[in-house]
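Colleague: Now for the letters of each chain:
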Amino acid sequence: MRFYLSTLLALLVHLSYSQNFNTSTIPKELLSHADAVVRLDRTDVVVEARNRMNVTSTRVVTVLNENGNEHVQAYAFYEKNDKISELEAIVYNDRGEEIKKIKKRDFLDQSAISGGTLYSDSRVLVLQYTPTQYPYTIEFRKEYVTPNTAFAPNWSFLEDYRIGVESSEFSFIVECGIPFRHKELNFDGYDIKVSQLPNGIKYSGQNMSAFEREPLSPSFQDFVPQVKVALNQFHLEGVDGEAETWEDLGKWMNDELLYGRDQLPEGTVQYVQNLVRNIDDPLEITRKVYEYVQENTRYISVQLGIGGWMPISAADVDRVKYGDCKGLTNYTKALLKAVGVESYYTVVHAGSQMKSLDEDFPSMQGNHVFLNVPLGKEQVWLECTSQTTPVNHLGTFTDNRNVLKITPNGGELVRTKVYSDGENYQKTEGEFTIVDSKNVVGKVKIFSKGYQYDQKYWRETSTRSEQEEFYKSYWNYVPNLKLGEVNFQNDSQKIEFIEQVDFSSNNYLSQAGDDLLLAPNFSNRNLGVPDRVRKRKREVVIKRGYLDEDEFLINLPEGYIPESLMLPVRVETKFGTYSMSILPKEPGVMLYKRKLLVKSGQYPKEDYDAYRDFRKTVARYDNTKIILTKKQS
Amino acid sequence: MRLNLTIITLLVMQLAIANDIKFGKVSKEEVEQTQHTLYAEAKAAILYKNEWVRYNYQYETGWSQIREVHYRIKIYNKEGFDWATLQVPLYAGSGNEESISAVKGYTFNMDNGKVVSTKLKNDGVFTEKMNKYRNMASITMPEVKEGSVLDIEYKLVSPMFWNIDEFKMQYDIPVDEVNVRLDVPEYFIFKQYSKGFHKIGFSQTKENRSIEIAYRSSDEMGKLGRTTHKRGTLEFFENVYHVSAKALPALLDEKFTNNIDNYRTAIKFELASTRFPNKPFENYSRTWEDVAKSIYDYDDFGSELKKENYFDNDIDQLIAGLNSNTEKANVIFEYVRSKMNWNGYTGVGCSEGVKKAFKEGTGNVADINLMLTAMMRYAGLDANPVLVSTRSHGIPLFPTSEGFNYVITAVELEGTMVLYDATEKNSYPNVLPMRALNWFGRLIREDGSSSEVNLMPREKSQDVIMMSVDINTDGSISGKYRQQYTANNAFVFRNNYSAGSPESYLEGLEKKYSNLEISEYEIQNVENLSKPIVQSFSYRSESAFDEISGKLYLSPLLHLATKVNPFKAAKREFPVDYGYPWEDKYLININLPEGYMVESVPEPIVVLLPEGIGQFRYNISATGNTINARVETVFNSSVVPAFLYGDLKEFYSHIVEKEAEKIILVKS
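Here the protein sequences line up with chains Z and D, keeping their order. Using the numbering used here, read the first sequence as starting at 1 and increasing by one per residue. Using the numbering used here, read the second sequence as starting at 1001 and increasing by one per residue.
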């Protein structure tokens, strides 16, 4: 889907009055933690007709250092039917004196193709400028007209980390009388003026300090001030639309973008019907059809005009056996229909950030589509762009968020599955034998499910050298690791993955005088401690929790005994629990047990250090060593 | 005679095999195959690749080059699906646009024991204008699944008859067989250069050819004001080259490799001369001397180098009162480096021209460093430009002007040559950016003569850390840390440091050492490039050692210990390339807590790499209540050849092992 363009289109411009761009006038507080300061970012949108929107913008950015260059953002994306009437950049030195002017014809015109897309007619004009001094200021003006009013620009007063904002102004005016909606988010604590205009609305905000990145932070969009706007009647690449609710919007998508695109050649219909002939269970039928799609298609993205939003027809996908998310989802839907299983094309904002479609602001949102198959009470989900994702496995890509299910009766916002902390489970069992007093030979079996399955199942098809690389970095605390036999079992029905790995390590034990030091956690050390933050500013978010359990049998070297026994450890915090014990099982054999539960949740910012302490404790115990001394003979 | 006969037979056989493979005719075995016979891990393979390059002549447009390409690709599994899409870059410069045509394709699959095919249609072929200079043709095949065999054919027409793109024989998937045929009219004489570790078969024959030429003639004094259409035949012979290779493994990148393309098996035909009837013989064949000379003769090189009037007053002022050449050189370098800003473009010729670049303060590498050379010459110094091929540009196979894409400045000072590159704000005499540290450069003198220059830094880049640590009875340690970077290490540090604000650097440092609570941070010589970077801070760390049954165990290197061997792969094909020689030196002083004494310290060791390439020295001693450790890792050479990889890996495993060893302290 090309929905992501909407955010890029939001970076626009306007005529400016005579301004003072002297760097020294920037308020001090805006310079702190900033690589650049937006002096003025102003966009005025005028909707002249349902299919004509004029966008004028002026953006003035002072770049303080090299890292700030990325914030200039002097570019203009455009589609075939857009017209860019003005494009100009003026460069000022730190005293605010003009040093260079760059006209539209000197912008580099190039394909706006993005990763994974084979062809697209989106293009972009990019400013090419080599800074000759820091700080410097660029004033960038842009004016364009687009027929695609379905994507009314949204406005972010703060657009990224490490950039302060002196002045940010946005107006949205509808001259043609179409009703529009707007929603303000996270305005609290900001000086943003809202003015109602006779046929529109205007916002203006001043002096907003830069944000610093923090680990385990809420998503940037969840705490910065922004405005969303949407027209109730709109236009998209030749197609008119009308919607005020998610239901309407879904209905429009169904009628205008999906309807009639699920026709299949008779031969294919018969083929899939044959495929499921002797199956009664609708879940099994779904599985069979999905497997057919996985085995016979691949992901290729081609975006042309309305094709950026409308799937290529099921018949075309059937012929070439490739498509993008829209094409492959629609194709799977058509195949399921041919065997009597109803399914729904579903719009989602995919990605590990768990971004939901905004329940109370229906508009074009999301960046991906997948398929919903309601089977009785259960919602089954199919990721049609993947050749390997099991039936109903959402993983971190589409879990726990609001998505828009498109039915012939209209759209329906539904929530996808939440993985509980315990469901994201890994169990490692191992047996390790110490040979020649310092070396280790071991066997482990790692069982994974939930999102831990997500992180691993792709390994099934890895080559030996990829396995070498992977395990040597996963167990990078094991010196001189030699990988032995590796076996994988991927149970895609139960969505469980098992790795069986043999390995050996030379000099795993270290010498300390006459004693040996042995770290009993051979194969699941969780050593990651989140970065220190001097003054935590935002709440702590653990998006997904997990549970690890470990059990290792350790055969001690001949002639050595553990010097003294460690007491079992149990740590309980609000963020999770950790327990670990190492006990003799029989002469010469020790049993190591470990359990780590990290809970998902939101915690106040004051808890950050406590969470770090918890992870430090885990890291310390996971690195624990025991001393083996020579038996007195 | 017998010998000749054998050669001919061989050639005929080879041709016979080549002719065996026809577009659109695949064998059942090929489609049924489930894994590669030699390389079972291959996700896909090129079963066959054929390229035929020939020439065409038209009266209006002159010579053009036609390249017909046939790929037969086998997809073994889903990871190989990327190979179901071919992308062909097309040059699109003014007047020299390459075009693609006659794209044909079939996908073959097994269906109930039979081979079935699906034809590529137009909707699988795209040509996109990427930018002013480049178009991209994409071909994506239908009905692709695991096991599919793809036959793809296309024709590329190029007006640039003088340039034949390299024939690549190796990719990131195995290549079973590749054949190249090249038909070159007698008027063009090409030389061949091959590279890579795999055998390439080569043969050459002659064939006659005639071309029918239609042309319009409006001569006869134009009396009738009418053009007549005429026909003629051009008779000539052609040199026909056959190049082939078989069973080539995938070419896969490895860490610490310079440019993987340097090792790719490939052959390049380079135009050596032209010999047209009624025209003088033109020789393009060159030595590196010739190449340097011809670059020197470019308008955007030699003439730019001669311009002085745009800077003469500035330089006069700058060097007034300076006596030594070294001072003059450094002052001028400093001037250009701070005034000029590199726009990121490489090239041996100026893009803006030195005057405009000087005025605007930006330019490509030639604008900047030719300006620097010119100013130094103006100041009476023995300065010359040095042509360089950057790392990403690779190592040229043969003397060609395309072999260089970068230029720096060399100055003879007190009998030694000093290299300068003013494109980077933090570069320093003899400290060049990594991109320029590649192979040899070529120095061109004012008379056009030239000689080879070794670009490898002689001086080792140092990282010297001094630490003094107190072990506290509460289980923490407090330390003082002082670190010094020289040469390229300092260059890299300064680039990172000056890209952002000092405050964000410090935050990054705290994140990097997140177990250390850092205070009293100080940094020196960020701007003073003639001195090493010195950063120092105090720190406290809570869990730097273990207490087990009343004894304290700690690694003398503390957080500096190398915990992981950077070399994990069992074997290696290509040399390890660090870019410059280096030396890490740690001097650590540990003060024992009250009431403790040393039970044991690790044994000192020395580990040497063969051929004096590198060494690791670990020295430790305890006196009274202090422990002194001195640990040094030195690489005298920036490159470690692949055959010493085993030694290098073992070298590092000794380092990891030794640095993991602990000091044991007991209550006294």
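None of these hints come from the bench; they were simulated from the model. Do not rely on the hints blindly, as some may be mistaken.
Straight line, CA to CA, 25 Å or less: simulated SDA-like cross-link-like pairs of lysine to any residue [claimed, not checked]:
1. Z/Lys482 <-> D/Ala1137
2. D/Lys1078 <-> D/Ala1137
3. D/Lys1551 <-> Z/Gly513
4. D/Lys1551 <-> Z/Pro282
Here are some chain D residues pointing at chain Z (derived, C-beta under 10 Å) [what the hints assert, rightly or not]:
5. Ile1021
6. Ser1138
7. Phe1236
8. Phe1237
9. Val1240
10. Lys1551
To give a feel for the contact side, a few chain Z residues facing chain D, derived at Cβ under 8 Å [said to hold, decoys possible]:
11. Glu29
12. Leu30
13. Asp106
14. Ser114
15. Thr117
16. Leu118
17. Ser122
18. Thr130
19. Arg298
20. Ser510
These numbers come from a predicted model, not from an experiment. Glycine residues also receive a C-beta, built at the ideal position from the N, C-alpha and C atoms.
Colleague: Next, verify each hint and record whether it holds.
Modeller: Status of the hints after comparison with the structure:
For a cut-off of 25 Å, the pair hint linking lysine 482 of chain Z to alanine 1137 of chain D is broken: about 45 Å separates their Cα positions. In summary, the hint linking lysine 1078 of chain D to alanine 1137 of chain D is supported, as the alpha carbons are separated by about 23 Å, within the 25 Å threshold. Restraint check for lysine 1551 of chain D and glycine 513 of chain Z: satisfied, since their Cα atoms lie roughly 12 Å apart, inside the 25 Å limit. About 66 Å separates the Cα atoms of lysine 1551 of chain D and proline 282 of chain Z, which puts this hinted pair outside 25 Å; it is violated.
Given the 10 Å rule on beta carbons, the hint for isoleucine 1021 of chain D is violated: about 25 Å separates it from the nearest Cβ of chain Z. Given hint, serine 1138 of chain D at the interface with chain Z, holds; its Cβ is 5 Å from that chain's nearest Cβ, closer than 10 Å. Annotation: phenylalanine 1236 of chain D was flagged as interfacial toward chain Z, and the flag is violated, the nearest CB pair being 42 Å apart, outside 10 Å. A least Cβ separation of about 44 Å between phenylalanine 1237 of chain D and chain Z goes past the 10 Å threshold, and the interface hint is therefore violated.
Taken as an interface hint, valine 1240 of chain D does not check out: its beta carbon lies about 37 Å from the nearest beta carbon of chain Z, beyond 10 Å. Annotation: interface hint on lysine 1551 of chain D holds; nearest CB of chain Z at approximately 8 Å, less than 10 Å. Among the interface hints, the one on glutamate 29 of chain Z is violated; its C-beta lies about 14 Å from the nearest C-beta in chain D, farther than the 8 Å criterion. A least Cβ separation of about 13 Å between leucine 30 of chain Z and chain D goes past the 8 Å threshold, and the interface hint is therefore violated.
With its C-beta approaching chain D no nearer than about 12 Å, aspartate 106 of chain Z sits outside the 8 Å limit, and its interface hint is violated. Evaluation of the serine 114 of chain Z hint against chain D yields a violated restraint, the C-beta minimum of about 13 Å exceeding 8 Å. With a cut of 8 Å, the hint placing threonine 117 of chain Z at the interface with chain D is violated, because the nearest CB-to-CB distance is about 10 Å. At its closest, the beta carbon of leucine 118 of chain Z sits 5 Å from a beta carbon of chain D; the interface hint therefore holds under the 8 Å criterion.
Violation of the interface hint for serine 122 of chain Z is found here, the shortest Cβ-Cβ separation to chain D being roughly 11 Å, above the 8 Å cut-off. Given hint, threonine 130 of chain Z at the interface with chain D, holds; its Cβ is 4 Å from that chain's nearest Cβ, closer than 8 Å. Taken as an interface hint, arginine 298 of chain Z checks out: its beta carbon lies about 5 Å from the nearest beta carbon of chain D, inside 8 Å. The restraint placing serine 510 of chain Z at the interface with chain D holds, with a minimum CB-CB distance near 5 Å, inside the 8 Å limit.
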